[in-house]
Amino acid sequence: MGIEIERKFLLHHDAWNKLVKPVGKSLRQGYILNDPAKTIRVRIAETKAWLTIKGITLGASRLEYEYEIPLEEAKELLDNFSEGELDKIRYEIDYQGKTWEVDVFSGDNDGLIVAEIELLSEDEDFECPEWIGVEVTGDKRYYNASLTTYPFKDWTA
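Just so we're aligned, residue 1 is where the sequence shown starts under UniProt numbering, counting upward by one.
Everything labelled a hint here was simulated from the structure, so no lab data went into it. All figures in this text were calculated on a predicted structure; none of them were measured in a lab. From the three backbone atoms N, C-alpha and C, an ideal C-beta is built for every residue, glycine too. Warning: the hint list may mix true and false statements.
[To be verified] Each computed EDC-like pair below joins lysine to aspartate or glutamate, with the alpha-carbon atoms no more than 20 Å apart:
(1) K8 with E101
(2) K153 with E92
(3) K8 with D139
(4) K25 with E92
[As the list claims (entries may be wrong)] Each pair of labels, with its calculated beta carbon distance range:
(5) G138 with K38: 13 to 23 Å
(6) E73 with Q96: 32 to 42 Å
(7) N80 with L120: 30 to 40 Å
(8) L19 with D110: 33 to 43 Å
(9) T149 with T99: 20 to 30 Å
(10) D123 with N80: 40 to 50 Å
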């Protein structure tokens, strides 16, 4: 059984913009099933693709199963079965022994930047870089699946 333990954070944009970043990866992802209790996602990252099945989030944990699939099949699945898609650039940044995945969204989610860190347990200690801001782990608006149906451009302050 696969379990993903992940925490999400917003960024301090000024500090993030000053950071020397590695080359980011362009991601296209869509949802074949987008239900609060479970999602089935297809993701394409340049020359590779994955099918991911995720369960309901409890705290910072959820069931997750991920399988690499042929790129052409992923494109067909997204083109023919996706209920909603999003595009983003992902930056992977190592800090104090952990990898932070920072997603810079585009399209209807332009302006949103979210950092995620995967942990071995929900109570694992870790250090945050200076560009990490407020935690949004429990806020469903920031789930990628939610951003396909209620994009950042539609939020009100």
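These are the hints, each one checked on the structure:
1. K8 with E101: 10 Å, holds
2. K153 with E92: With Cα atoms ~25 Å apart, K153 and E92 exceed 20 Å; violated.
3. K8 with D139: 9 Å, holds
4. K25 with E92: Answer holds: K25 to E92 is near 9 Å, not above 20 Å.
5. G138 with K38: 13 to 23 Å: Cβ of G138 to Cβ of K38: about 18 Å, so the range 13 to 23 Å holds.
6. E73 with Q96: 32 to 42 Å: 38 Å, holds
7. N80 with L120: 30 to 40 Å: The hint (30 to 40 Å, Cβ to Cβ) holds, given that N80 and L120 are roughly 37 Å apart.
8. L19 with D110: 33 to 43 Å: Given a distance of about 20 Å, which is not inside 33 to 43 Å, the answer is violated.
9. T149 with T99: 20 to 30 Å: 28 Å, holds
10. D123 with N80: 40 to 50 Å: 42 Å, holds
When each numbered hint is compared with the structure, violations occur for hints 2 and 8.
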